[in-house]
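Could you put together the complete structure from these sequences and hints?
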Amino acid sequence: MNNNYKNIIEKTLGHSKGDYKEIRIEESVSTRINYNGKVRENVSINSHFGGSVRSLSKGGWGFASFNDITKAPKKMQELQTWQIIVIIQQST
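Start counting the sequence shown at 4; every next residue gets the next number (our numbering).
No lab work stands behind these hints: they were computed from the structure.
Here the structure is a predicted model, which means the values were calculated and not measured.
Please note that the accuracy of each hint is not assured.
In silico DSSO-like cross-links for lysine-lysine, where the CA-CA straight-line distance does not exceed 27 Å [unchecked claim]:
1. Lys9 <-> Lys77
2. Lys77 <-> Lys41
3. Lys41 <-> Lys74
4. Lys24 <-> Lys77
The structure is reproduced here in structure tokens:
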């Protein structure tokens with residue numbers, strides 16, 4: 004894992020509130036080769052990156068996904084804001 008990812012993960016988890024919080028990231032690479040008979044028609048290599056943040060606060064779960072890890076801290080903040088709103092609404 005590169006240091007930039009590590010710093011973002013630490014920022015996401017370190018500055019967030021909640022009884023439980025997690026971040027998951029996934030990066031995958033796929034290779035596709037197409038043949039028509041013995042003739043190679045196409046070769047492609049694709050990479051995909053994404054992840055999610057999840058938080059448990061006062062019995063309520065929040066979840067958000069992202070495809071840019073730099074957005075992970077903001078996604079965690081947004082989902083925890085919604086958790087607070089739901090908790091307040093349930094208590095009134």
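Structure-based check of each hint:
1. Simply put, Lys9 and Lys77 have alpha-carbon atoms about 16 Å apart, close enough for the 27 Å limit, and the pair holds.
2. In summary, the hint linking Lys77 to Lys41 is not supported, as the alpha carbons are separated by about 50 Å, beyond the 27 Å threshold.
3. For the hint pairing Lys41 with Lys74, the CA-to-CA distance comes to about 45 Å; that exceeds 27 Å, so the pair is violated.
4. Distance restraint check for Lys24 and Lys77: the Cα-Cα separation of roughly 14 Å lies within the 27 Å cut-off, and the hinted pair is therefore satisfied.
Consistency with the previously given hints fails for numbers 2 and 3, ordered from lowest to highest.
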